[in-house]
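Now for the letters of each chain:
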Amino acid sequence: MSMGEPLLRVEDLRVEFPTEDGVVKAVDGISYDVGRGQTLGIVGESGSGKTVAALSILGLTRAQGARTTGRIVFEGRDLVSMGEAELRKIRGNEIAMVFQDPLSALHPLYRVGAQIVEAVRAHQDVSKAQARKRTIELLGLVGIPDPGRRVDDYPHEFSGGMRQRAMIAMALANEPKLLIADEPTTALDVTVQAQILALLEQLKSELGMSIVIVTHDLGVVAEMAEEIAVMYAGRIVETATTEALLDHPEHPYTWGLLRSIPTLDGPRKELLTPIPGSPPSLIDPPSGCHFHPRCAYAQPEHARIDPELRPLAADPAHRVACLLGEAARRRLWKESA
Amino acid sequence: MSRRMDRRSWQGLEGPPTPRGVLCTQATEDTARGDETPPAEPLVEVCDLVKHFPTTRGIVFKREIGAVKAVDGVSFAVGRGETLGIVGETGCGKSTTARLMMRLLVPTSGSVRFDGQDITHLKGSKLKAIRRELQMIFQDPFSSLNPRKTVGSIVGEPFAIHGLHTDRTERRGKVRELLDMVGLNPEHYNRYPHEFSGGQRQRIGVARALALGPRLLIADEPVSALDVSIQAQVLNLLRELQREMGLTLVLISHDLSVVRHMCDRVAVMREGKIVELADNEALYSRPSHPYTKELLAAVPGARRNRRTISG
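If you read the protein sequences in the order shown, they are chains A and B. Here the first sequence stands for residues 1 to 337, where the numbers follow the working numbering. Here the second sequence stands for residues 338 to 648, where the numbers follow the working numbering.
Please note that the accuracy of each hint is not assured.
Unchecked claim - For lysine-lysine, the following BS3-like pairs were computed, each having C-alpha atoms within a straight-line distance of at most 30 Å:
#	chain 1	residue 1	chain 2	residue 2
1	A	K204	A	K177
2	B	K406	B	K630
3	B	K486	B	K463
4	B	K630	A	K269
5	B	K465	B	K486
6	A	K204	B	K486
Calculated from the structure, these hints are not laboratory results.
Okay, chain A solo, but in the shape it has when bound:
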C-alpha cells in the first residue's frame, strides 16, 4: 500500500445478524486498507459476506439489527461508532455506493434527473436550477447521450446499462473520495459491462477516487483492481496485489476458483476441476479452517486449528490464511498447473 495514512482502514470488522435460526456471522473479523486512488477488489461467492462487508462501511446494515464491532477508519474518523446524523453527512458525499441492481435501487416513480438532483442537494447548498445543471453535466460525464433530454426520463425508459450509468452519476454527484461498487456489472451484458468498467477506470484516473469493488467475477477484478482480497465464509482467506494473486495464488480456495472457471485463451480441458461441496453455513461454520471440508489438501488437524492471515516471507503484502506450509503450497500449485 502507498505511504502514509490510507484513505480507509478496516480493522477486525465483525458483523453479526441475530436470526431465529441462530446468529449469522456474515463478516467474521476482516481487516484491509484502501489507499488514495487505489482500487481494492473483494472477491467471493454468494454468502461469503462480501456484500455485508461493503454495506457496513456506510452503516447500511444498521437498520437490519446487525451487531457491528471493530473499526472502520475513514480519514481518521471511525464510522462504526459514529452517530447516524454524522454518518449521513459522509454517506453519498465523501463515500458513495453503486448497487448491484439499478432497477431496484432507483425509485420507479421519480424521474432519473430528480433523483440525482436530490443527491446533489442533500449535501450541497445549491438551488434546484443549479443542481439540475450539475445533474445534466453528470449524466453527460457517464456517457448518457442527449443528457438534457434524458434527465426527465423515468428509470423504466432507460436500458440496463444506462440505469447503471445513472447510478454511477448519482454516486459521483458530490465527487466522493471513495466509491463502493457492489457487483456493478453483474446484471449487464458483456459489451455493456466492458463500457461500464472502462468508465469507472476513466473516472478514477480523472477524479482520483479510491474504489472498493465487490464481485464474484475474478475477470472483473483482474481488470480493475490493484489489490484483491478473497473472502470465504465471512473471512479474508487471501489478499495480495492483483498480479501476485493471479500469478501465484496461495490458498487452495483461490486455486479452486481459478481452476473451476473455463477460460477464453488457456488450453481446453475435457473436464473442469470443480470445488467439491457447497459454501458453508454462516450460522454454524465448519470448525478449524472454514475451508477444510472442501479442501483437497486438508489434514486431520486442520479441522481443529483456525488459521490466521499471515504474510508470506517473500512478499509481505501477500497474506494467506492456510495451514499448509509455504513450500508445500508452492509444490502443490506447481504440480496441479
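Could you slot chain B onto chain A? The hints should help.
Frame of chain A; chain B shown alone:
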C-alpha cells in the same frame, strides 16, 4: 407497419433471401465461413426459422402496429452427439430459438426437422411423442421446480405424463436411479426443492430432463444462476452424461468462456440472426464477424491477459 418491417431490407442490411422450402443443408450465406464443418448426419435441422411477436395497440379493436422480430431467419444443423453453442446478449433471440426447437412456441415461418421428421406443425399425440426425444434444462433452478412437490414427484412427473413405469415401486426405483446418476442422494426422494442448494436444484432439473431418455438436450443458461465454484460441477455433469448417453446438446449461454469449454461448434446471435457460425477453435482464435470480435474483446480479464502477454 410494413414500412417498419421492410426498413432493414431496403437499407441493404439483409442478405439475399434464403429460398423457402428448400432443405437447408448448410447455414445461410451470410453466416457460412470456411471454418465450419457442417454435420454429416444432422439430428436437428433448423431452416430459415422466423418468430415474430406482434405488438398491438387498442383494447377492443386490436391492431398490429409492428412486430418484435425475436428470431429472424435462422438456419443451422446439429449433428448427432455434438454440442452446439448459441451465444449472444440479452434479447438476441437465443432463448426463443431454443423454445422454437422444443416446439414450446410455433414459428412464424421456417421449419424444424428432428431426425428427418418435420416437427414444425406437429400436434397432439405426435407432438407428445416427439417431446420424449427433446428435453430442456432451464436457467433458474429456483423457479423451474414446483416448490410444493417433492423431488421424487418432480423427477417422476415425465413418467406420469407419458404413462411410463406405472407401477409405483418401479417408478420409484427409476427416479432413484436418475437421482443417483446426477449425483444426488437417492434417499432425498421425499425432500422439497427448498431443501436443496442452487447447484443441487439444477441437478434435479437435469434428472427430470433425462427421465425419458431424450436424444436432444437443450440447456438454456444452465449455470448462469449458480456460484462460480458450483458451475464447474454442473458443466462436468452435463459433459459426463453426454458421453455416457450419447446425447446431443444445445447449450445456450451469454458466457463465452463456458461455451468455448463445452461446445464443438458455436453460433453467435445478434438481433434475431446468426452472424457467425464456426467450429469452436476457429471462432475463438480467428473470429471473422466484427460483432464476434467485439464480444470476445469485452470479456473482463481478456484485456488484462493480452496486456500481460504483450508486455
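Going through the hints against the structure:
1. K204(A) x K177(A): 10 Å, holds
2. K406(B) x K630(B): Holds - the C-alpha atoms of K630(B) and K406(B) are around 24 Å apart, at most 30 Å.
3. K486(B) x K463(B): 28 Å, holds
4. K630(B) x K269(A): At roughly 23 Å apart (the allowed maximum being 30 Å), K269(A) and K630(B) satisfy the hint.
5. K465(B) x K486(B): 23 Å, holds
6. K204(A) x K486(B): Measuring from Cα to Cα gives roughly 51 Å; hence the hint is violated.
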